[in-house]
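Colleague: As they're listed, the protein sequences go chains P and D.
No gaps in the numbering here: position 64 of the first sequence is 64 in the numbering used here, and each next residue is one more.
No gaps in the numbering here: position 297 of the second sequence is 297 in the numbering used here, and each next residue is one more.
To be clear, the hints were calculated from the coordinates, so they are not data collected in a lab.
Just so you know, even glycine gets a beta-carbon here, dropped at the ideal spot from N, CA and C.
Errors might be hidden in some of the hints.
Said to hold, decoys possible - From chain P, some residues computed to sit far from chain D (all C-beta separations above 12 Å): (1) G49; (2) A66; (3) E87; (4) S126; (5) G158; (6) A199; (7) A200; (8) T204; (9) R227; (10) R232; (11) A239; (12) G240; (13) T272; (14) A273.
Said to hold, decoys possible - So, partial list: chain P residues that the calculated Cβ filter (under 7 Å) puts toward chain D: (15) G102; (16) V105; (17) H106; (18) V136; (19) A185; (20) V186.
To be verified - Pulled a few chain P residues facing chain D out of the computed Cβ check, cut under 10 Å: (21) P104; (22) V109; (23) R112; (24) L237.
Each chain, letter by letter, is given below.
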Amino acid sequence: MNHPLASLSRATPVLVQGASGRMGRRHMLLMRDYGTRIVAGTSAREAGGSIEGIPLFAGCAEAVAATGAIASVCMVPPLEVLAAATEAIAAGIRLIVTIAEGVPVHDAVRLRGLARAQGAIWLGASTPGCAIPGQVKLGFLPDVALRPGPVALLTKSGTLSYEVGYRLAGIGLGQSLWIGVGGDAVKGTRFAELLPVLAASAATEAVVLIGEVGGTEEEEFAAALSRAPLGRPVLVLLAGREAKEGVAMGHAGALTYGGMGSLASKAASLATAGVEVCGSMQALVDRCAALLGRRG
Amino acid sequence: MLLIEADGKALFRDYGLVVPNGVLVTERGGLPASLPGPLMVKAQVPAGGRGKAGGILRCADTAAAAGAVDRLLGTSLRGHAVEACLVEPVASGRECYLSVMLDAAAGAARITFLAEGGVEVESQAASLGPEATRLCALDATAMRMALEAVTAGLPPLEAAAIRQAGQGLIHLFLERELMLVEVNPLFLTVESCIAGDAKVVLDLNAIHRQPALEAMILARPRLYADACRKLTEGFDYVELDAEGRIGLITTGAGLSMMLVDELVARGARPLNFLDIRTGQLRGSPARLIRVLDWIAARPSVRVLFVNIFAGITDQREFAMLLAEALAANPVRGVPVVARLVGNGAAEARAALAERRPDILLFEDLEAAMARAAALAA
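Working from the sequences, and respecting the hints, build out all of it.
Modeller: Structure (structure tokens):
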């Protein structure tokens, strides 16, 4: 299948935008230590130089031409994400992961439209990234929670997925793939759009989806799953039962007003699609153990 | 975040919409006698469903309105303290509905017009046809065309009035980078319309390039307490229960939300939601001390619950900052339950146990939650 997330592997050549910043430099090296094939960085300040052997370029076009990078991890501040991602997509990047928290929603709408028009996949606006454990990670998913295994983990939240991934890994249930879609209202890739990637993942025996209050993404996922069942169990955890109406709880997308985006609406749609909605983190972990067995 | 109606209407007025000529009353007895009835008295809280909750009252005369204001001020409505009431002359005309929003699922703008307004519009939105609602690109031309399409069935004078108001909303939406502007009801007479309500949701991520909106929020530090805190402090702290018993020191929005849910499910009362962002502490306990000061301001707090999953941050550094912050503000000496896991956690727990043997340290979150809930009971 021709989806850049389905073909992501340790062989994928990766570019880091904003490579000489504090965050960019640190995470570029952590990603490389994990096994990611980092082939280039971009830096307006240090173009022509290198960081621990990774060449730095002034822009994406030069970096892609020189190294053949097809994925980019964009580590620039939130108000610069639209311009940087636009540049990467124009240079031919097919998978772009943006990390910054706080990208304006109107920028996200424009970037989503652009990525789709160019056939690129955008994860973000604000995501901890994605990984094929044991091979490659794009972003800053913590190594302590990453472990190869049978569970495909899809998540809006970073930290809640770390906690769940860590507990599952602790009973031997690692991940076939881990994809953070981010907690933004408007984003590059929504849960439902990942169903073809899940369907193509032979290593996936079960799916764990970590959603939260706000928006309609979980409902869309349920509808899409009903149309195209995976034939593998799907377990869901939903955060934000006690969220305060009208206030974004840390994530811009976790904003409820009126009945929209309520947990009751999500749980009802998911149940209709045959998905198990678990009441707590431990209940989810226990269900995974029951379905898949604890593995050494 | 949702603005109160009075602020939404101020934005409407800036963009050429007609709104009733009202006054904002913040004190009992503060309604000027010069305003003749009949009047609408509307509690100004940033939440939907105010009418059903009893926060919107129609009053026949000024005396009745003054009484309504006095009754509403100081009460709690949909989880928010009523600190202001908007008092306006009753508008008349046919009730319509007009909105401009970001459709997050489609990643596009959406323009909706209904010739009949009313309080239940939101629940029918999904079943509307293209004659009532249109998706379009996020630009003025596409949005104007969508507005014309959804008002195409109206008589010419009415269509012109709605389109004029709609154009104002579109410009407001684009220039202020909003997520929703909704008028429900929009009162339509033969050739003009008046915005009876204003629901405006703004994007806090864009706020630093929207100085007028930033000033609007900062001007109401009590009403928009959570947003003001985010703007001035750079992180998220949301007070959930002013009489909560568990003060939370947590990082990560999703995990913090889930902790609140699970503590409530155990019968506990968390005071707050917090995403402190350990990666931004940069060696200083200042942010932790700020949070401890807010928590300490609530006498109901019986226990502090620290939960940090460190993917990247070094727990040893965090543990020392926590010890420093607790030395600066021990929150009346309430017990501290701390669950530290991840990068350097074992060493961090050992170092913290030596420096602060009174802190109850955990590796397992379930055990830590049970202990915190028990201490708060």
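Colleague: Hint by hint, note whether the structure agrees.
Modeller: Now for the hints, and whether the structure bears them out:
| no. | hint | result |
| --- | --- | --- |
| 1 | G49 | holds, 25 Å |
| 2 | A66 | holds, 29 Å |
| 3 | E87 | holds, 20 Å |
| 4 | S126 | violated, 9 Å |
| 5 | G158 | violated, 6 Å |
| 6 | A199 | holds, 21 Å |
| 7 | A200 | holds, 23 Å |
| 8 | T204 | holds, 22 Å |
| 9 | R227 | holds, 16 Å |
| 10 | R232 | holds, 24 Å |
| 11 | A239 | violated, 4 Å |
| 12 | G240 | violated, 5 Å |
| 13 | T272 | holds, 15 Å |
| 14 | A273 | holds, 17 Å |
| 15 | G102 | holds, 5 Å |
| 16 | V105 | holds, 5 Å |
| 17 | H106 | holds, 5 Å |
| 18 | V136 | violated, 17 Å |
| 19 | A185 | holds, 5 Å |
| 20 | V186 | holds, 5 Å |
| 21 | P104 | holds, 4 Å |
| 22 | V109 | holds, 5 Å |
| 23 | R112 | holds, 4 Å |
| 24 | L237 | holds, 7 Å |
When the structure is compared with the earlier hints, violations turn up for hints 4, 5, 11, 12, 18 and for no others.
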